[in-house]
Each structure stands twice: as structure tokens, then as C-alpha cells.
Amino acid sequence: MSLHAQDDPELRRAQEERLRAVWAPPQGLFLRWSDTNNDRVGVWYTLTAFAFMLFAGVLALIMRTQLAAPDNDLVSANTFNQLFTLHGSMMMFLFAVPMFEAVSILILPQLLGARDLPFPRLSAFGYWSFLIGGVFVSGSIFFNAAPDGGWFMYPPLTTRTDLSGLGADIWMLGLSFIEVSSVAAAVELIVGVLKCRPPGMRLNLMPLYAWYILVVAVMILFAFPPLIAGDILFEMERLLNWPFFDASRGGDPLLWQHLFWIFGHPEVYIIFLPSIALFAMLVPTFARRHLLGYPWIVLAAVGTAFLSFGLWVHHMFTTGLPKISLAFFSAASEAVVIPTGVQIFVFIATLWAGRVVWSTPLLFASGSLAIFVIGGLTGVMVAVAPFDWQAHDTYFVVAHLHYVLIGGTLMPLFAGLYYYWPMITGKKLSDRLGRTAFWMLFIGANLTFFPMHFSGLEGMPRRVFTYPAELGIGGLNLASTLGAYLFAAGVAVICVDLALSPRRAVGKRNPWDAGTLEWVEDPGDDTHWGVRCVPLVTSRYPLWDQKDFVKKVDEGRFFLPDAEEGRRETIVTTVLDARPLSVIRLGTPSFKPMLTSVALGGVFILTTYHLYWAALVCGFATLAMVLWWLWTGTAEIPEKECKPIGHGIELPLYVSGSSSPGWWAMFITMMADATAFSGLVFGYYFFWTRHDDFPPEGMDAAPGMFWPLVAMGGSLASWAVTVAAREVHARGGVGAARMLLVAGIALSAVGVYAGLAGPWLAGMDPEAHVYPAIVWTLAVWTAAHSGVAIIMMGYTLARSLAGRMTPRHDAEIRNITVYMHFLALTAVVTYATIGLFPEVA
Amino acid sequence: MKRGLPGWARRLRVTLWTLIVPPTTWAVHFLFSYLWASISCAKVGAFATVPVLFLIGTILALIVIAASGWIAWMQSRTPGDAPPHQDSTDVDRLRFLAKSTLLLSGLSFVGVVFTALPVVFIGDCR
Numbered sequence: 000m001s002l003h004a005q006d007d008p009e010l011r012r013a014q015e016e017r018l019r020a021v022w023a024p025p026q027g028l029f030l031r032w033s034d035t036n037n038d039r040v041g042v043w044y045t046l047t048a049f050a051f052m053l054f055a056g057v058l059a060l061i062m063r064t065q066l067a068a069p070d071n072d073l074v075s076a077n078t079f080n081q082l083f084t085l086h087g088s089m090m091m092f093l094f095a096v097p098m099f100e101a102v103s104i105l106i107l108p109q110l111l112g113a114r115d116l117p118f119p120r121l122s123a124f125g126y127w128s129f130l131i132g133g134v135f136v137s138g139s140i141f142f143n144a145a146p147d148g149g150w151f152m153y154p155p156l157t158t159r160t161d162l163s164g165l166g167a168d169i170w171m172l173g174l175s176f177i178e179v180s181s182v183a184a185a186v187e188l189i190v191g192v193l194k195c196r197p198p199g200m201r202l203n204l205m206p207l208y209a210w211y212i213l214v215v216a217v218m219i220l221f222a223f224p225p226l227i228a229g230d231i232l233f234e235m236e237r238l239l240n241w242p243f244f245d246a247s248r249g250g251d252p253l254l255w256q257h258l259f260w261i262f263g264h265p266e267v268y269i270i271f272l273p274s275i276a277l278f279a280m281l282v283p284t285f286a287r288r289h290l291l292g293y294p295w296i297v298l299a300a301v302g303t304a305f306l307s308f309g310l311w312v313h314h315m316f317t318t319g320l321p322k323i324s325l326a327f328f329s330a331a332s333e334a335v336v337i338p339t340g341v342q343i344f345v346f347i348a349t350l351w352a353g354r355v356v357w358s359t360p361l362l363f364a365s366g367s368l369a370i371f372v373i374g375g376l377t378g379v380m381v382a383v384a385p386f387d388w389q390a391h392d393t394y395f396v397v398a399h400l401h402y403v404l405i406g407g408t409l410m411p412l413f414a415g416l417y418y419y420w421p422m423i424t425g426k427k428l429s430d431r432l433g434r435t436a437f438w439m440l441f442i443g444a445n446l447t448f449f450p451m452h453f454s455g456l457e458g459m460p461r462r463v464f465t466y467p468a469e470l471g472i473g474g475l476n477l478a479s480t481l482g483a484y485l486f487a488a489g490v491a492v493i494c495v496d497l498a499l500s501p502r503r504a505v506g507k508r509n510p511w512d513a514g515t516l517e518w519v520e521d522p523g524d525d526t527h528w529g530v531r532c533v534p535l536v537t538s539r540y541p542l543w544d545q546k547d548f549v550k551k552v553d554e555g556r557f558f559l560p561d562a563e564e565g566r567r568e569t570i571v572t573t574v575l576d577a578r579p580l581s582v583i584r585l586g587t588p589s590f591k592p593m594l595t596s597v598a599l600g601g602v603f604i605l606t607t608y609h610l611y612w613a614a615l616v617c618g619f620a621t622l623a624m625v626l627w628w629l630w631t632g633t634a635e636i637p638e639k640e641c642k643p644i645g646h647g648i649e650l651p652l653y654v655s656g657s658s659s660p661g662w663w664a665m666f667i668t669m670m671a672d673a674t675a676f677s678g679l680v681f682g683y684y685f686f687w688t689r690h691d692d693f694p695p696e697g698m699d700a701a702p703g704m705f706w707p708l709v710a711m712g713g714s715l716a717s718w719a720v721t722v723a724a725r726e727v728h729a730r731g732g733v734g735a736a737r738m739l740l741v742a743g744i745a746l747s748a749v750g751v752y753a754g755l756a757g758p759w760l761a762g763m764d765p766e767a768h769v770y771p772a773i774v775w776t777l778a779v780w781t782a783a784h785s786g787v788a789i790i791m792m793g794y795t796l797a798r799s800l801a802g803r804m805t806p807r808h809d810a811e812i813r814n815i816t817v818y819m820h821f822l823a824l825t826a827v828v829t830y831a832t833i834g835l836f837p838e839v840a
Numbered sequence: 000m001k002r003g004l005p006g007w008a009r010r011l012r013v014t015l016w017t018l019i020v021p022p023t024t025w026a027v028h029f030l031f032s033y034l035w036a037s038i039s040c041a042k043v044g045a046f047a048t049v050p051v052l053f054l055i056g057t058i059l060a061l062i063v064i065a066a067s068g069w070i071a072w073m074q075s076r077t078p079g080d081a082p083p084h085q086d087s088t089d090v091d092r093l094r095f096l097a098k099s100t101l102l103l104s105g106l107s108f109v110g111v112v113f114t115a116l117p118v119v120f121i122g123d124c125r
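As you go down the protein sequences, you meet chains X and V in turn.
Numbered according to numbering that gives the first Met the number 0, the first sequence spans residues 0 to 840.
Numbered according to numbering that gives the first Met the number 0, the second sequence spans residues 0 to 125.
Fair warning: there could be bad hints in the mix.
A short list of chain X residues far from chain V (calculated; beta carbon distances all over 10 Å) [unchecked claim]:
hint	residue
1	R19
2	A144
3	P321
4	S329
5	I337
6	D512
7	T537
8	E649
9	L715
10	A719
If you want a taste of the chain X side facing chain V, the calculated C-beta under 7 Å gives, among others [what the hints assert, rightly or not]:
hint	residue
11	F54
12	G56
13	T78
14	G199
15	R201
16	L202
17	N203
18	P294
19	V297
20	L298
21	F327
22	A334
23	R462
24	T688
In case anyone wonders, no lab produced these hints; they're calculated from the structure.
We treat Cβ as the ideally placed atom computed from N, Cα and C, and that holds for glycine.
Based on the provided sequences and hints, a complete structural model is requested.
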């Protein structure tokens with residue numbers, strides 16, 4: 000396609016027809032739910048997360064009503080426990096994190112000039128998992144079965160089934176299910192940012208939102224898996240009586256706190272950074288200038304991400320750890336102020352240096368900064384261990400965390416809502432209602448939470464359902480309750496504004512006159528193709544800096560302006576310099592993602608009710624669905640090698656290895672898997688450090704060295720065989736590669752058998768003591784991974800036999816090799832730990 | 000590239016991986032410090048009087064961070080336009096990443112010093 004050809008309006012119209020047809024959403028009452036396009040799934044996701052926020056907000060209002068007066072008896076202590084547990088859990092897991100994913104799925108493709116993210120069906124799968132898990136968890140309160148152990152679920156209160164009912168299982172299993180969707184979204188977003196940028200958008204031109212998303216998605220990969228590991232141990236204790244947190248059998252409740260807060264503290268930054276990223280988009284727009292100090296923002300995002308992992312123990316300052324340990328975490332908590340401060344100053348400096356347009360989104364943004372700074376300052380206070388010993392578990396901490404979360408997450412999201420609503424719907428929200436809502440929220444938040452500093456210092460503990468009048472904090476609590484109602488009324492005004500939106504007329508395109516790519520498309524028309532053509536980007540603010548940019552996009556003068564073969568496509572580029580690498584075909588609407596998440600949901604939900612056989616059936620159904628999905632929807636051999644994308648450039652339609660998004664998805668998923676595994680290994684060495692009876696007398700030789708070393712050998716051999724198969728296959732030795740895969744399956748089976756034989760033949764009883772329990776856990780984890788390797792190799796073999804994998808088209812074997820690298824590492828660590836370490840120690 | 004940069008450092012490419020070397024070093028040092036403290040307190044039962052191991056680890060971390068900062072600084076001086084490095088060119092991308100790495104080195108250096116300080120001020124395991 001030459002530039003010249005695009006001058007022909009007939010051709011352009013024909014191209015648009017084809018694009019429109021290819022990207023048309025499925026219609027009909029039922030079929031429309033099979034959609035996978037980001038503009039539909041992103042909207043569902045956002046609305047669902049918003050609905051969960053409203054629900055969790057109502058729970059908070061009930062709590063504040065209960066606390067309005069001393070000795071109130073509106074709700075019982077039991078109900079109150081359910082209310083605050085569900086409020087915290089929902090705001091974190093069903094609002095803040097999913098909202099970040101939802102917004103990113105919605106706007107990231109546009110921001111990157113891509114037609115969609117690389118795995119649209121994965122987004123849909125994440126959404127359905129989120130919806131099912133979310134309804135399951137939040138609905139429990141209507142059956143008086145909601146979790147009631149606090150959103151941190153500290154054992155032993157929560158692991159003892161006589162002290163906590165079904166609620167703890169609902170929390171663990173329901174939220175584990177939702178964590179699956181978080182990790183899925185993280186994979187999607189990382190690959191999207193790294194591989195789907197438009198040509199020319201090198202790393203130094205990436206929109207800051209994309210930088211933040213990249214950083215946050217990577218944080219999810221390292222933060223969520225330790226919680227998943229903790230959840231596994233937790234449910235093993237509840238369902239199978241394996242004593243990980245039971246001190247009477249060598250366990251330790253502190254292990255849960257470690258695993259929970261290794262997730263829990265970074266989590267705060269996981270929800271803070273994307274909201275700040277929205278600032279990074281709207282501040283330059285309203286300052287009418289480029290953002291100052293672009294590398295400083297990258298410093299702030301990356302620096303905060305790293306430091307935030309060194310803070311988890313500051314939630315555990317009062318657990319009696321050695322002071323020297325506490326001091327390390329106190330130091331890291333103080334250090335995180337540096338990057339956090341940097342980003343706030345960058346925004347202030349940009350506004351200072353620009354010609355500011357005072358719009359509603361900017362009002363929300365600046366108001367939230369003010370609130371956030373107060374929360375940050377009290378954060379410095381509680382990071383100092385001696386102060387924390389005084390303020391711990393009082394309302395002072397409640398005040399601190401709500402200032403941080405409302406200033407750092409909620410209000411920026413409202414700023415983003417007012418800013419991006421015209422991009423999604425084409426209509427602006429009301430300035431008058433927006434400003435009214437802002438002031439109600441701003442005053443309401445301060446009135447609610449500022450008095451809590453004082454009620455905390457006066458001695459009001461957290462999580463109490465009432466307090467005596469003699470404490471003298473009735474007035475402070477009444478003020479907080481009034482503030483909460485004002486805040487809720489502010490949210491209601493925003494809801495009214497949103498509800499009125501469908502009646503309003505479509506406004507002009509790019510109403511804020513912003514400079515970044517997401518404003519290129521006209522939301523007013525009925526196109527769902529993401530971008531009319533993938534642009535060539537040479538500036539951070541192409542709409543401001545590149546001549547006739549929007550016109551050229553509209554006329555399809557950049558890349559891939561057509562869909563000749565009737566396929567949904569986007570361009571894949573290199574990580575550093577965004578050089579075009581290939582054209583990929585994207586997943587089309589399908590019910591497979593939804594059905595897969597229903598099947599997987601069955602595994603989690605049925606396990607909650609101890610219906611193990613039914614859960615097992617759902618497990619097999621999930622596996623079958625995944626295989627069906629992969630077989631029919633991935634690594635398709637295209638009808639031709641290359642296709643032109645315009646300007647004389649031809650790109651291949653099939654790539655494998657590190658150039659392909661699939662390989663990256665596997666690599667990133669395995670990073671998450673390895674992190675979860677390291678959480679379990681941490682458990683083993685944690686017990687060893689803290690307990691002299693680990694391993695206990697009489698069990699110190701188990702499971703012996705023989706079987707673990709055989710299992711290690713089998714796993715390493717199957718890894719070596721897979722690598723050999725990949726190499727032989729690439730050189731044309733299809734038959735030899737198939738033989739090697741068969742050998743790999745046999746060797747992995749040795750890994751499964753020998754891995755389990757160690758603890759089994761040593762007669763280790765996991766219910767007796769934590770040592771056999773953790774040894775079994777590591778062995779089962781690794782053996783299960785060897786089992787998955789068998790399935791993967793079988794699948795690859797089947798693809799080869801079916802003619803769907805050839806030496807030129809070898810994505811499957813390259814992807815499973817990545818898996819095998821991680822499996823080899825897992826096997827070495829596991830079997831060295833359970834087989835060799837007891838000998839050394 | 001000015002003189003003073005050895006050949007091997009000049010050949011180092013700036014990638015996303017080099018960007019995370021300084022903070023990763025901080026993370027490794029942090030983990031090392033925590034493990035050193037908790038294992039020596041739990042297994043030896045006392046704070047090591049002469050924390051030689053800790054000292055070596057800290058100096059090593061600071062050297063790695065300082066070295067990657069220095070390399071990044073030299074690379075950020077690759078001839079080209081003045082900041083803000085916002086053109087779609089190889090040089091601008093390299094200088095942007097080098098500068099970001101340099102800034103992260105500074106932050107990580109401070110982070111390591113912060114982490115090391117408690118050992119100076121707290122002398123026991125209580």
C-alpha cells in the first residue's frame with residue numbers, strides 16, 4: 000500500500016467497510032456476551048468493579064452508622080466482623096486491583112495505537128473469573144456466611160474451623176480465583192506494553208501510563224503469588240488438617256503474616272501507581288505542556304516498585320521480631336518516601352511551568368494530592384517502629400490508610416473518570432455536578448478520617464463494634480459518621496452524573512485537546528477497530544507535535560489500514576525500539592473464555608463446600624476447555640508467509656520464540672509461578688530458622704536422599720530432552736523430535752513418581768507435624784508441575800502429528816521449553832531442599 | 000563517548016535489564032541483610048560482634064550500584080541533542096535509559112546505606 004493509493008477515497012471506504020465488518024461486535028441478547036474486544040470487555044470490567052465499590056461502600060456506611068454513638072446496637076458484633084472484613088477485602092480485591100486492570104484493558108490499546116491487546120480472549124477470561132468470584136465472595140454476606148476474620152485473615156483464629164465458619168474458605172478460595180484473573184491481566188498488560196507499541200514508539204516515547212502499567216503488572220507478578228502460596232497452605236490446614244500455622248504441631252502463625260504482607264504491602268503501591276499514572280496523562284493536558292522530568296517519573300515508578308517489597312514487616316512491628324530486623328524494614332519504609340515525593344514534585348513542577356486550564360479532572364487530581372500527602376506524612380510516622388508500637392491497631396492507622404487510599408487511589412480514579420469518559424462515550428460529564436461532587440468528597444473524606452487520628456490516639460482500637468461512652472470519643476465518631484454520609488452523597492452525585500450521560504449529546508472529539516494517542520479515535524461513530532491504522536510515532540505527544548497526525552490516521556495513511564483477509568490483526572514490535580516484527584492475528588469473539596472461567600470457578604467454589612468429586616470433575620473440564628481453546632485458537636499456521644502493512648513493508652504472519660507474544664506470555668506466567676514456589680520454599684526455611692524441632696526427632700532423615708535425587712535426575716533429563724527436541728526440530732528432524740518428546744514424557748513421569756515416592760515410602764504423615772507437611776507440599780507442587788509438563792509435551796506431540804507444528808512454525812515446542820527451564824529450576828530447588836538440606840543442616 | 004570509559008563498558012548495550020540492575024542490587028542486599036540478621040539471631044543466638052560478612056555484603060552492593068551508575072553516566076553522555084531526549088532515535092533512547100539508570104543508582108545507593116545504618120546503631124538481637 001503506497002501513500003499514493005490512500006488518496007483514493009473509494010479504496011479508503013472499502014478498507015473501512017472491511018475493518019468495520021471484521022471488528023463488528025457480536026449482536027443479540029445472548030451472543031453479545033461472547034465478545035472479547037477490549038472496548039466491550041473493558042467497559043464491563045470497569046462497571047463491575049465500580050458496582051463492587053458501591054457495595055463495599057454501603058457496608059462501610061452501615062459500620063459508620065453503628066459507630067456513630069457509644070454503646071450502639073444497630074448490628075451485632077458478628078455482623079460487624081463480617082462487614083469490616085468484606086469491606087476491606089472487596090475494596091482491595093474486587094475494586095482497586097480489578098479497576099486498574101479494567102481501565103488498562105479499556106485504554107491501553109488506544110494509548111499504544113494497537114487494535115487490541117495481544118490476548119483479547121485472556122482479557123475476557125479474566126473478566127468472567129472476576130465476575131464469578133466477586134459475586135461469590137460478596138454475596139456471602141446475604142447468607143450470614145461472609146468471612147469475618149479481617150481482610151488479613153490472621154490464623155489461628157481463621158484456620159481453626161471451630162472458630163471460623165465457611166467464611167474463611169469463601170475468602171481464601173473465592174479470592175484465589177480472582178487472583179488468577181489478576182495474574183492473567185498482568186500477563187496481558189506486560190506483553191501489550193512491551194510488544195504491541197506502534198512503530199517508532201521507543202521506550203523513551205512510551206506514554207507514562209504505559210510505564211506505570213508495565214511496572215505495576217510486574218509488581219503483581221511478584222506480589223500476588225506469595226499470597227497464592229499462603230492460600231494453598233491455609234486451605235491445606237483448613238481442609239486437610241496440615242498444621243502449617245498450628246504452633247502445637249511445629250507450625251507458626253507468623254508465616255501467614257509474612258506471606259500475606261509480602262503481598263499486602265506492595266498491593267498498596269499496586270493500586271496507587273496506576274491511579275498516579277492517570278495524573279501523568281491528565282496533568283500535561285491541562286498544563287498545556289510536556290511533562291517535566293520524564294526519566295524522573297520512570298525512576299519514581301521503578302524505585303517505588305522495588306522499595307515497596309522491602310516494607311512488608313512494617314505491618315508486623317508488634318509481633319516480637321528482633322529489633323535489628325524491624326530496623327531494616329523501617330529504613331526501607333522511610334526510603335520509599337524519596338520516589339513517592341519525586342513524582343508528586345514532578346506533577347507540581349509541570350503545573351507550575353505550564354498554562355493551567357482548571358478543569359474538573361484537574362480539580363479532582365489536585366484535591367487528591369492534598370489528601371494523599373497527609374496520608375503520606377502519617378505513613379512516615381507509623382514507619383518509625385516506636386511510634387507504631389503505640390499507634391498499632393488503633394484508629395490512627397485506619398485514618399492513615401484511608402487517607403492514602405482515598406487520596407492515592409479513589410480520587411485519582413474519579414479524576415480519570417471525568418477525564419476519560421469523553422474518550423469512551425464521546426460525551427463529557429457535567430462540570431457542575433462534578434465540582435459539586437468533588438467538594439462533597441473532599442470535605443467528606445477529611446471530616447470522616449481526620450478525627451480518626453485523634454480517636455486513635457485517644458485509644459480507640461480498630462475493628463471494635465462499639466465503645467463505651469466514658470472513653471470520650473463519641474463526638475469524634477459522630478463527626479466521622481457525618482463525614483461518611485457526606486462522602487457517600489458525593490459518590491451518589493457522581494452516579495447521577497453517570498446516569499444522565501446517555502441523554503446528553505455527543506461532544507467534539509478530543510475535547511480536552513490532549514496530545515496523546517488515545518484521543519485519536521472518534522468515539523462518536525460505531526467503529527470498534529481500536530485505531531483506523533497503526534501510526535508511526537516520533538513524539539511523546541504526537542497529536543500536538545506531529546503534523547496532520549489525526550488526519551493521516553483517519554485516512555489510513557500509516558500501517559495496516561486494511562483487513563484484506565477478514566482477520567483481526569495488530570502489529571508486534573521489538574521491546575526497546577518498537578521496530579515492526581510481525582503481524583499477529585487476534586482472538587475473535589468466543590464463549591470459550593467464559594466457559595473456561597465457569598469450569599475453573601467450579602473448582603474453587605465446589606471445594607469451598609467440600610464437594611471434592613464435583614470439584615475434580617470441574618478440574619478436568621477446565622483442562623479440557625483450556626486444551627480446546629489452545630488447539631483451536633493459538634499458533635495457527637497462516638495461509639501465507641508475509642503480508643504488506645503499507646509503505647513497502649512486509650511482515651511475517653508467524654513468529655515463534657522470543658519475538659512472539661505467546662513466548663512472552665509463557666515466560667511471564669512462569670515468573671509468577673516461580674514466585675509462588677519461592678513463597679513455599681520460604682516457608683520451609685522459615686520453619687527451619689525459627690524452630691529447633693524442625694525437622695523433629697525421628698523424622699530428621701526423611702524423606703532420605705535416594706528418591707529426591709532420582710526425581711531431580713528425571714526432571715533434569717526431561718528438561719535436557721526437551722531442549723534437544725527443540726533444536727533437532729528446528730533443523731528439520733521432525734521424527735527425532737517426536738521421539739525425544741516421548742522420552743521427555745517418560746522422564747517427567749519418573750519425576751512425578753520419584754518425587755512423591757520420597758515422602759510416601761518414608762511414611763511421612765503430614766497431619767502429625769509441620770515438617771512432613773511442608774515436605775509433602777513441596778513434593779506435590781513439583782510433581783504436579785512434572786504432570787503439567789507431561790500434558791504439555793503430549794499436546795506438542797499431538798500438534799506435530801496433526802501437522803499443526805512444523806520446523807518453520809514451531810511456537811509450541813519453543814513455548815514448552817520455557818516451561819521446562821522453570822520446571823528444571825523448581826525440581827533442583829525442591830529436591831535439594833527436601834533431600835539434601837536435612838543432611839547439611 | 001568520552002575517554003575514561005573502558006572498552007567493555009562501551010560495548011555494554013543499554014536495555015531494560017540494565018535499568019533494573021541497581022534496584023535489584025538493593026533488593027538482594029536487603030534480603031541478604033534480613034537473612035543475615037534473622038539467621039544469626041535465631042541460630043547463633045546473638046548479634047555478630049564483628050559483622051564482617053555484613054560489611055562485605057554492603058560494600059559489594061555499593062560497588063555494584065556505583066559501577067552501574069558510573070557506566071550509565073558515561074553512556075548518558077553519548078553525543079546528541081540536549082534533554083529531554085524525546086525523539087525517536089537510537090541515541091535519545093539510549094540516553095534516556097542511561098539517565099534513568101543513573102537516577103535509579105542514586106536511589107538504590109541511598110537505599111543500601113539506609114539499610115546498613117541499623118547495624119551501626121543497634122547492637123543486639125532483642
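*In rising order, the numbers of the hints this structure does not comply with*: 3, 4, 5, 7, 11, 12, 13, 23
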